[in-house]
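The hints should help you fit chain B onto chain A, whose structure is shown.
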Amino acid sequence: DAKTTQPPSMDCAEGRAANLPCNHSTISGNEYVYWYRQIHSQGPQYIIHGLKNNETNEMASLIITEDRKSSTLILPHATLRDTAVYYCIVRARRSGNTPLVFGKGTRLSVIA
Amino acid sequence: DTGVSQDPRHKITKRGQNVTFRCDPISEHNRLYWYRQTLGQGPEFLTYFQNEAQLEKSRLLSDRFSAERPKGSFSTLEIQRTEQGDSAMYLCASSLVAGGQETQYFGPGTRLLVL
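Residue numbers (the numbering used here), protein chains in the order written: chain A, 1 to 112; chain B, 113 to 227.
Treat the hints as calculated values from the structure; they're not laboratory data.
One or more of the hints may lead you astray.
To be verified - Per label pair, the in silico range of CB-to-CB distance:
hint, chain 1, residue 1, chain 2, residue 2, range
1, A, Gly103, B, Ile138, 19 to 29 Å
2, A, Ser28, B, His122, 37 to 47 Å
3, B, Ser139, A, Gln45, 11 to 21 Å
4, B, Ser199, A, Gly103, 39 to 49 Å
5, A, Asn57, B, Gln153, 40 to 50 Å
Said to hold, decoys possible - Calculated lysine-lysine pairs in the DSS-like style (CA-CA distance at most 25 Å, straight line):
hint, chain 1, residue 1, chain 2, residue 2
6, A, Lys3, B, Lys183
7, B, Lys169, B, Lys183
8, A, Lys104, B, Lys169
9, A, Lys69, A, Lys3
Each residue gets a CB set at the ideal place from its N, CA and C atoms; glycine is no exception.
Isolated chain B (complex conformation):
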């Protein structure tokens, strides 16, 4: 399977714990996005990378959230001191930007439950 993969698929944690999610994009895609989706809502943008550079962060991305893409390939999203409001599906998408146009392809998501 050459699609976007995410790990883990599900995570249950206690409030106050740190969690880290991983995303492996489609090979050679230079753009990687993180989105968050809560129940009944569409996905909301968190941040994105062009290769290893983090180019934009949403105001949804509080200082407890940090994302990296150290070698321009896989990415990690860490949430420190989790809160119950962080419970959501975290989605990763990748794309190849060419000629200013792109199509984003999504992974299956990581569902986080904070108790």
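Bound-form chain A, shown alone:
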């Protein structure tokens, strides 16, 4: 699976959009981009995943660049409860035989 690069930390004002970048310049055509987050002392929580089209669900939006070398997770109206470590993970399309490989993620602090 391709390696990802994320900033170690970010701040966001409450109520504003949080835009979390991820670089995955070595991603191959059969690899998905997954996002998880981990709130302090809890297990990781699945957020969203995508292949090449932008995706949106009730939690977030995922914007993948046309060349697929980077992506941005968008939390449209961040709240204090969104303070967490956010992990960007690239996985092969037929991912059923691979565990998740977590990096250190981005620590997002939402500030009142």
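Structure of chain B alone, referenced to chain A:
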């Protein structure tokens, strides 16, 4: 609550003791994973099961560690002769593999402290 559950949530033990953790996956999920997370790091893969078969073990899984999933439902992770370096959060995740794709859902974890 139909999510992944883990028991106990916290465990304090003395070095040299054996400990066992349990994970109950989401109903009908055929895949179950164990991960370990130390302070400041992301989770690291330990092992996984497809139904009752243990299909892969990480080199992190020393011979003091053993995992089972006897009926393809719940799983246990046992650590024998615990060491202080075993102190970590132990996470369980489950998924339903369909068409080669899966999304893993995590439990709350068991935090182990070895004194």
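So, going through the hints one by one against the coordinates:
Restraint check, Gly103 (chain A) to Ile138 (chain B): a C-beta distance of roughly 26 Å satisfies the suggested window 19 to 29 Å. Between Ser28 (chain A) and His122 (chain B), the C-beta spacing of about 41 Å keeps the proposed range 37 to 47 Å intact. Here the CB-CB span from Ser139 (chain B) to Gln45 (chain A) is close to 19 Å, well matched to the stated 11 to 21 Å. For the pair Ser199 (chain B) and Gly103 (chain A), the beta carbons lie near 22 Å from each other, so the given range of 39 to 49 Å is not met.
Against the hinted window of 40 to 50 Å, the Cβ-Cβ separation of Asn57 (chain A) and Gln153 (chain B) comes to about 28 Å, which falls outside the hint. Taking the CA atoms of Lys3 (chain A) and Lys183 (chain B), the gap is near 36 Å; set against the 25 Å cutoff, the hint is violated. For the suggested pair Lys169 (chain B) and Lys183 (chain B), the alpha carbons sit about 19 Å apart, so the restraint of at most 25 Å is met. The straight-line distance between the Cα atoms of Lys104 (chain A) and Lys169 (chain B) is roughly 22 Å, inside the 25 Å bound, and the hint therefore holds.
Restraint check for Lys69 (chain A) and Lys3 (chain A): the C-alpha separation of about 11 Å stays at or below 25 Å, so the hint holds.
Of the numbered hints stated above, those contradicted by the structure are hints 4, 5 and 6, listed in ascending order.
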